[in-house]
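> Modelling step: build the complete structure from the supplied sequences, incorporating the hints.
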Amino acid sequence: MALLFTNGNLFVKAWTPYEYRPATNSDLTNRIIIPIEIEGFPTSAFIDTASPYVVCSPEVAEVINIDPSTSIEQISYNIRGNRLRGGIHRLSITLLAQQGNPLSIESSVFVPYHIDKDVWDSYPTVLGLITFLELLRFAVDSFEEKFYFGLNTD
Amino acid sequence: MYEPNIFHKNHFTDQSQTLLNVCVESNSVSKDFSFTFVCSTSTPINSAIAELFSKQAIKNTFNKPNPILSLESLLKARKFELFFAELEKIDWTKHHPKVFIYFIRLALELEAIFLAQKLSSCGKKLYPENSELQKFAHILEKPTLTSKNRQSDIDLQANSRWIMENRQVYKGQWVALKDGSLLDTSKSLKTLASKFPQHNNIYFTKVY
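Sequences listed follow chains P and L, in order.
Sequential numbering from 1 applies to the first sequence in my numbering.
Sequential numbering from 1001 applies to the second sequence in my numbering.
One or more of the hints may lead you astray.
Heads up, simulated SDA-like pairs for lysine to any residue below, C-alpha to C-alpha not over 25 angstroms straight-line [claimed, not checked]: (1) L/K1171 <-> P/V119; (2) L/K1118 <-> P/K117; (3) L/K1171 <-> L/S1147; (4) L/K1171 <-> P/S142; (5) L/K1195 <-> L/A1158; (6) L/K1135 <-> L/N1066; (7) L/K1079 <-> P/S51; (8) L/K1190 <-> P/Y113; (9) L/K1148 <-> P/D141; (10) P/K146 <-> P/I47; (11) L/K1076 <-> L/E1129; (12) L/K1118 <-> L/N1066; (13) L/K1124 <-> L/A1158; (14) L/K1118 <-> P/S69; (15) L/K1124 <-> P/S92; (16) L/K1118 <-> P/L3; (17) L/K1171 <-> P/E144; (18) P/K117 <-> P/N152; (19) L/K1098 <-> P/Y77; (20) P/K13 <-> P/L135; (21) L/K1142 <-> P/D67; (22) L/K1148 <-> P/E145; (23) L/K1118 <-> L/L1082; (24) L/K1148 <-> P/I115; (25) L/K1178 <-> P/L3.
Simulated from the structure, these hints should not be mistaken for lab results.
See the structure below:
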């Protein structure tokens, strides 16, 4: 089912189901968690409009073998009260779709270095606003737990 | 305002007069000065140098506002509009690209991402031959669409249903799912992913 403006023009038509739950055992709030691919690796991520960056989970970064030489290295970034050091990379993120077409977007992604597992606590990858979501139109249907997404050229 | 460093180069004493040559350096700018003054042979040269610092001529030369330091202060104070206004007044052909890279990094440390994006785009145009600035501009570019017509045949809803139904059993474990069927589990994503080198239509997630 596509979402339309009141004049009948298309808003967006692709959607994916999401999990609505805390990101980890110690997380205090529910998150919208959707399936994505990062550099072709299929995993989950949560939507965080308060985060400027996409932040790649260190566990996923380890699997996708990111090349540090292609990054802006030694940047620090405050994540959940912890000042973490890492690099900023240009990576491909794909929003997967149950209906409609997936979208692949190149984005600036912060990858934390050498992080203590207790500090990261297995949070999934974060999809932030300035380096990712700002390209999209998106909407949340909280009754059917669907995340709608698309471009303004759809 | 800042204190310049004064370096004694040499001095020549002739009867009651001393010619003192010094190099005054501040913020990578240096200038030589010569002073002649009357002093007794017992006057230590360091005292003479200290007295020199009070000389208005030296102060006037080095205490002009430094535009790069002013920019840095504006950025650290998060006065971004003023920062950009001052940035445009500077003749960047007289400055090394490293100065521009310093400001991009400072913007990133301040988490002013939009500013870092704008600066890197400016830097790319100002210094087209500088590979580091080209790299910064590429990495910090706004998000760009690379593909939108790829066909998808993954049953994401089936995976969601599986997670809801099996959450308590597999809590805290990484699972590999395909169209609502469990392929394998592990405490480590790296271990689990290594079992499936071809990730086609497989979904790796941690269950909570």
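> If a hint holds in the structure, say so; if it does not, say that too.
Status of each hint after checking the structure:
| no. | hint | result |
| --- | --- | --- |
| 1 | L/K1171 <-> P/V119 | holds, 20 angstroms |
| 2 | L/K1118 <-> P/K117 | violated, 34 angstroms |
| 3 | L/K1171 <-> L/S1147 | violated, 35 angstroms |
| 4 | L/K1171 <-> P/S142 | holds, 24 angstroms |
| 5 | L/K1195 <-> L/A1158 | holds, 22 angstroms |
| 6 | L/K1135 <-> L/N1066 | violated, 28 angstroms |
| 7 | L/K1079 <-> P/S51 | holds, 21 angstroms |
| 8 | L/K1190 <-> P/Y113 | holds, 16 angstroms |
| 9 | L/K1148 <-> P/D141 | holds, 22 angstroms |
| 10 | P/K146 <-> P/I47 | holds, 13 angstroms |
| 11 | L/K1076 <-> L/E1129 | violated, 28 angstroms |
| 12 | L/K1118 <-> L/N1066 | holds, 23 angstroms |
| 13 | L/K1124 <-> L/A1158 | violated, 47 angstroms |
| 14 | L/K1118 <-> P/S69 | holds, 23 angstroms |
| 15 | L/K1124 <-> P/S92 | holds, 22 angstroms |
| 16 | L/K1118 <-> P/L3 | violated, 33 angstroms |
| 17 | L/K1171 <-> P/E144 | holds, 24 angstroms |
| 18 | P/K117 <-> P/N152 | violated, 39 angstroms |
| 19 | L/K1098 <-> P/Y77 | holds, 22 angstroms |
| 20 | P/K13 <-> P/L135 | holds, 16 angstroms |
| 21 | L/K1142 <-> P/D67 | holds, 21 angstroms |
| 22 | L/K1148 <-> P/E145 | holds, 23 angstroms |
| 23 | L/K1118 <-> L/L1082 | holds, 14 angstroms |
| 24 | L/K1148 <-> P/I115 | violated, 34 angstroms |
| 25 | L/K1178 <-> P/L3 | violated, 28 angstroms |
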